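Use the sequences and the hints to build the structure in full.
Protein chains in written order, with our numbering: chain U, -19 to 399; chain P, -19 to 399.
Keep in mind the hints are simulated off the structure, nothing from the lab.
Identical chains blur together in the list; that is why a pair holds if it fits in one copy or across any two.
Restricting the straight-line Cα-Cα distance to at most 20 Å, the calculated cross-link-like pairs of lysine to any residue (SDA-like) are:
1) Lys301 / Ala197
2) Lys301 / Glu200
3) Lys65 / Arg371
4) Lys60 / Val91
5) Lys326 / Thr315
6) Lys272 / Asp222
7) Lys60 / Gly86
8) Lys301 / Arg204
9) Lys221 / Gly137
10) Lys172 / Gly(-13)
11) Lys326 / Glu200
12) Lys172 / Ala(-18)
13) Lys272 / Leu247
Just so you know, these numbers come straight off a predicted model, no measurement behind them.
Number of protein chains: 2
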Amino acid sequence: MAGPLSGIRVLDLTRALAGPFATMILGDLGAEVIKVERAGEGDNTRGVGPFLGDGYSSYYLSVNRSKRSVTLNLAAPEGKELLLKLAKSSDVLVENFVPGTMAKFGLDYPVIQTHNPAIIYAAVSGFGQSGPYATRPALDIVVQGMGGIKSNTGEPGGGPVRVGASVGDIAASLYCAIGILAALQERVVSGKGQMLDVSMLESQIAIQENPFARYFATGEVPERLGTRHPLNTPFQAFETKDDWIVVGITGPEAWPLFCAAIERVDLLNDERLTSGWLRSQRRAELEPIIAKAMRLKTTAEWLAELIALDIPCGPVNTLDKVVDDPQVVARGAITEIPHPVLGNIKAINTPIRLSRTPAIVDQPAPDLGQHTDEVLKDLLELSEQAITELREKEIIKSRDSRAYRYTRFYLGKRSPPSP
Amino acid sequence: MAGPLSGIRVLDLTRALAGPFATMILGDLGAEVIKVERAGEGDNTRGVGPFLGDGYSSYYLSVNRSKRSVTLNLAAPEGKELLLKLAKSSDVLVENFVPGTMAKFGLDYPVIQTHNPAIIYAAVSGFGQSGPYATRPALDIVVQGMGGIKSNTGEPGGGPVRVGASVGDIAASLYCAIGILAALQERVVSGKGQMLDVSMLESQIAIQENPFARYFATGEVPERLGTRHPLNTPFQAFETKDDWIVVGITGPEAWPLFCAAIERVDLLNDERLTSGWLRSQRRAELEPIIAKAMRLKTTAEWLAELIALDIPCGPVNTLDKVVDDPQVVARGAITEIPHPVLGNIKAINTPIRLSRTPAIVDQPAPDLGQHTDEVLKDLLELSEQAITELREKEIIKSRDSRAYRYTRFYLGKRSPPSP
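So, in structure tokens, the structure goes:
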């Protein structure tokens, strides 16, 4: 059974994270993703540790499954020619170069479009294809800083804190996937392609809907709040006898039950505590009362008690606990992908669960250029001879001792490669 | 010009955040979104402050634009009947009730499917439709705790920190939108609908690809790292003379330039510092050197200098600075939506920029039941008489003095409503 995007071909020129995470989602959903990597070196994340086995980057592996790898030197006329031919037979092209790079290659949207008017050309960039910062390079950390999320995350009185996941990249990846699929849907009606321009900065802003809505409404700049939510109390983590617990009280039913659980039914007499919004106005009084109560029992004791009352709560899991959580296990949220060299490697399953045409996560990230020959033969109908010539000219370059040494250098086992 | 999803009708039974954020994205992209709200009360976020004007929730307004509002009592047979008729003429149904709720209404997927086999039925829930926690209520904060992101976010040695945006909800919203669009794409080929099951917990896990990949590779549980990234140095925020700055050095070109900028070219002699991965191994020595240098100039001075060198960097913006940032302004990332009562209200623009059929953000969030009559007349061809009867039976209930007083109560201007 093939995934829902079976029959859609994605030409994937992306590297690092924001682009590859988007094309991985499309690949998991059954699209045929052809990842075009720099001849010889490939995606630079191939050199980022920690490594599995003999130099397999866990970073690269984690965001490039469900794809095939083809090498191509886009700076050479023959490489450009091949790319245009691949674009001609693709439904989608995705790139996340700094804006202007594809134009330098002579491969920007106006060019691609003349070869394939029905293609969806998606560009992910730090700041978008226009505006004063368009050509600036960006990274997750830069966008987390500029987009405001770092300023909202952290302890009261402390410094800004990076979100412990690459949300600067990944928000853009998710919006990119949505934009591509929306454009494909539109193409069903119109038969026409278009360009999609997604910026990490705007995506970062978009996922902060609530902090921005509060700022627009009140003019007050959101502050760092530690573990809590600004609009509700309790809606945060508390220390227990042995660990932490998160508790969130929203509906009117939960508050009396929670007061009973912490043996403070007296609080129910106070009508200024009857909604989360009202309680958040009196947080300074209320939080110490709750914090004191929560320290009296262990996390496991509290969870048993509060779950029985249908009060939203949970532990603060470290990742080892997440992996072993009964729900995570029951749902198969962590899966394994067979890899020809590394054996079964652990991977995060897709959270997109479709009943009739499920996404399938079973193809490991490819070796550099692993599929160059088959793609050139099958899609572009090149002969063995033609492929050999491309290899001699280094237009394609799949196995490369320098790249290998480079990886080993990162591993600290060899001296750095000579320039 | 209509958006790319023009012609797609979404029946939206969602409330709070994870569901409404997903349907807002579809609405921005041109889908016709009919939000079905509880007769009389509506989405509970209508009661969450801060408020604009006379009781307009900024929370509700921020995630329910691009939709129409219809009230319906789903517990009554007539309400259920009308819902089924609406489902019959819709392409997509989205709900984010606790699993089992729609079955109690007699409106779960097996029922909906018999009335409309081509519908995409999307359910967003805390933990998914199956597994031991399926029927537990969840909230953003619970999922941030259970999914591990709180454990990764915060200062070294400090407590867990909530991400300053509702990523527990919003990651699920984005995956939900992707799943719906993928299923629509598949339907073009098969003509068939299906069920989509997206959980907040799995979505939360999925966006932590890098922490999980590191954990799987090394067995080391990721720790809280303050502002920095675990795989690279420098890739973090530093204090300057007057504020903070984020700097990220990844490619091989940037490190020598950065060393020159901080007047420490001597570091270039150390070949164990030549990659981000290697530098992160020697972070303890390196960070104090960089931190000391960064304190010598203001953020503005450093930005001018480092941007000229093409080094990825930026300020740590609070939201007021984000809104005024020249790039944000140039791109129109913050927009205004005309509201019939409140005038122009500020809103975050969609980050999905399509060239030919752009998303359009110009319809404000609706009043409760604002479109009940027009939807019942136009879509279901009900008569004035029939609508009046439904209103008398409180199957539909658009303007409601109790809900109004309830809102006022939240505002603290009136006493609480009698039960």
